[in-house]
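Take the given structure of chain A and dock chain B to it, following the hints.
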Amino acid sequence: MDAILVSIVAYAKLILLSMVPFVLAGQGTMLGGRTGVFNVAQEGIMLVGASVGFLVSYLSGSIVLGMAAAMAAGALFGLALAYFTTHLKMDQFVIGLALFFIGVGLSTLLPKLIIGVTLTPPLVPTLKDLPVPLLSKIPLLGEIFFNQNVLVYVSILVSVALWWYLYRTKLGLELRSVGENPQAADSLGINVTRARYWSAIIGGMMIGLAGAYLPMVYTGTFTEGMVKGRGWLAIALTFFGGWKPLTILYGAAFFATIEVLAYRVQVVGTGIPYQFLLMLPYLATIVVMILTFGKTRAPAFLGQNYDRERRAL
Amino acid sequence: MVILRMEGIRKAFGGVPALDGVHFELHPNEIHGLLGGNGAGKTTLMNILFGLYRMDSGDVFLHSKKISISAPRDAIAQRINMVHQHFLQVDSFTVLENILMGAPLKESLTMRFGEEEKKIAAIQKRFGLEIDLGATLGDLPMGTRQKVEILKALYRGVEILILDEPTTNLTPQEVDALFLSLREMVKEGLSIVFITHKLREVLSVCDRITVLRNGRNVTTLRKGEAPEEEFVRGMVGEEMNLEKSILFSGIRESRAAPLPGGEALLKLEGAGLRTADGLQRLKELSFEVRPGEIFGVAGVAGNGQTELAELVLGLQPPTAGRVLVSGRDVRERTTAQLLGEDVAYIPEDRLHDGFLPKANIAQNLILGAQRSRPYSNGWLIDWKTVFASAQEMIAQYHIKTAGPGEVGGNLSGGNIQRVMIARAFSREAPLLVAHNPTRGLDIPSMDFVYSKFLERKAAGRASLLISEDLDELLLLCDRIGVIYKGEILGILPREKFEKYAIGQLMSGVRREA
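So the protein sequences, as listed, match chains A and B. Counted the way the working numbering counts, the first sequence spans residues 27 to 339. Counted the way the working numbering counts, the second sequence spans residues 49 to 561.
I should point out that these hints are in silico values taken from the structure, not numbers from a laboratory. Bear in mind the structure is a predicted one, so any value in this text is a computation, not a measurement. Treat the hints loosely; a few may be bogus.
Said to hold, decoys possible - Cβ-Cβ distance ranges computed for the label pairs, FRET-style:
1. B/D519 / A/A324: 50 to 56 Å
2. A/Q301 / B/F61: 54 to 60 Å
3. B/A225 / A/L272: 38 to 44 Å
4. A/M315 / B/L327: 49 to 55 Å
5. B/F296 / A/G268: 43 to 49 Å
6. A/P299 / B/G318: 53 to 59 Å
7. A/A187 / B/T367: 45 to 51 Å
8. B/A506 / A/A324: 50 to 56 Å
9. B/T367 / A/G268: 26 to 32 Å
10. A/L272 / B/A450: 39 to 45 Å
11. B/D519 / A/L114: 42 to 48 Å
12. A/M315 / B/G453: 56 to 62 Å
13. A/L114 / B/E389: 57 to 63 Å
14. A/L114 / B/G162: 53 to 59 Å
C-beta atoms are modelled at their ideal positions from N, C-alpha and C, and glycine is treated no differently.
So that you can see chain A by itself, here it is in the shape it has in the complex (with noise of 0.2 Å):
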């Protein structure tokens, strides 16, 4: 009996600290599109995430320093997408795929630029837990909820106050409006391009942290491809979250619990081929989407750019 609550327990604990970077990814997708902005370089971002926030942290020794560089890495990312697509109107989907590939490639090379190629692989002290206070005491749910790595609860607060701002707050109102209807937002003096910068911006921070998260949580070392298609996943989460910040957090749940699930079936080896079961969570996409399908909706300017003079013929 105990034995089971127990396993329960940590089962339940790996899936929230596994839930994070689907979280941060998920909820940095969202919002870029919120406004129109369709960022489908999420891979990449987090690669360079991973590369960056891992280099940082080993060369400063300080974690925090580690997670803003990675939160600028990805910033920077946003700030390309935003230019290239609200300022020169190019393709959304191209733009984001030359991002993609370029923060592929340089991900691997920054770390052989400046660690170079070692034998044993440079190692970070991974992220701590950090129980809070009182809470962390509450049988079961302390254990699972309150004794976690800090970064699960930020991205559980973040997705709760995105929320908020989304649907309680004038300013998310008109944030809502840009990516629904740019040309209303800007007939009534809203700044479609301002929200748009913003959110790209802000949304890559969210995504190149969700990808430091990897090296800082689970290895302690950046290793080539680590995302290992989380990036993807968060696409699709965003979608069959119906570009909800909560309906994200539920369904970043949903691929960890089967990312978690995946990897225990693995260990405890039950004569399943291990590559069938790294493809669970894709499986569980095209299911969870076909699920879903029709059922809910992105923002209807969504991979679209606004140019107020564009004069129909």
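Only chain B this time, still in chain A's reference frame:
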């Protein structure tokens, strides 16, 4: 006396001048009609005033003070606001959210709108604009959505209100209500710019008019001072022969003739259309169009008109019932065959369906007929014949272009419409499906199109005229069917035509017996 003055306004799009030294004056407490065909520059001029477009040169004076407007927020700050033809609204938001978007809020961190709601309610009461503020905008009918737009402007405090083709999607009843509201606003001290191309509206509601043509001023007239004929003349231009005009003299003797007989060229038998996800687009449509008949379909845009046209063209097969063209089920033939043999089509959306902006005029003119004689021998297109007949059509339909070889995208909207009209009418097909054929045309061109419809009628050809312009339907049609939510609510013969009765059907109110 003058509240707003615009002087020497110039604006070019990609090197093509849209406004060429236009001046405009607005007096306090007037409804000022701004008239002209498509491409005349009326919307462009007002978009400049509202800050959506930047002018290349010119000056704007408000209360004799020079002002500079570089974005809509500047215009709103100067108490200038605009209601666009295509409403600038967020469909997924509520009415209240749409009104308050971008406006300062008292409690900007809670979305509790008590105070703002009170203010809106007061405005609603004053101008007779009753709407449920909690409704989701996308669910509302066009007339209500327009009220939201006006409310949006009034809420921000407005001295000059610009309305761009405000009656396009309204039933006659809604138009009357709008005009009453406008009068009320003028009484309360507003000045209104009313962009339109509809003659009757101008005569009934405007105090003064300014006419633009090809980006230049033509004339400005005051209603009291000028006789009605001069008003009309100002709008239509000098060349048009009003005596011979169908629009002004109406249609006489031939129109009283009984309904033509003969085998129906288009027949719908309980035709219905249901989308894959179960939405009923069209329901139980049954009517026929006989040789020599012009059958009109009236209705507010988006009630199934596009689907009806696509059904007849075979673009979408009916999911219930049958559609017969010249006695044959549309499903027997491909759309290409239908277009090559029995049907000519003027699509509603010239941007997406009717025109190839990168192809030249000649190619656009034979589009749909490129497989059949005389343009093709079945294998190759005979470009000599194509260009020769393109030349003819350009002359006959007054298409303003450098020649058949010019790229289509260079033409103005009105001229593109002429290309589509030339293409459809020159086919002399037994059945014509025309969806808003005169949209964007100036009055003489509209009149020309009407005469072409009557020619078809005289030649015993059938026409299905789907139009949002009720006046046009009343003028031309032998019978009018009113479509509402995909259903024909009633079919009226010519002797029973009555604007308000049709208006009632358009808003979904069924007639008793």
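Any hints from earlier that this structure breaks? Give me their numbers in increasing order, please. When the structure is compared with the hints, numbers 1, 4, 5, 10, 12, 13, 14 turn out to be violated.
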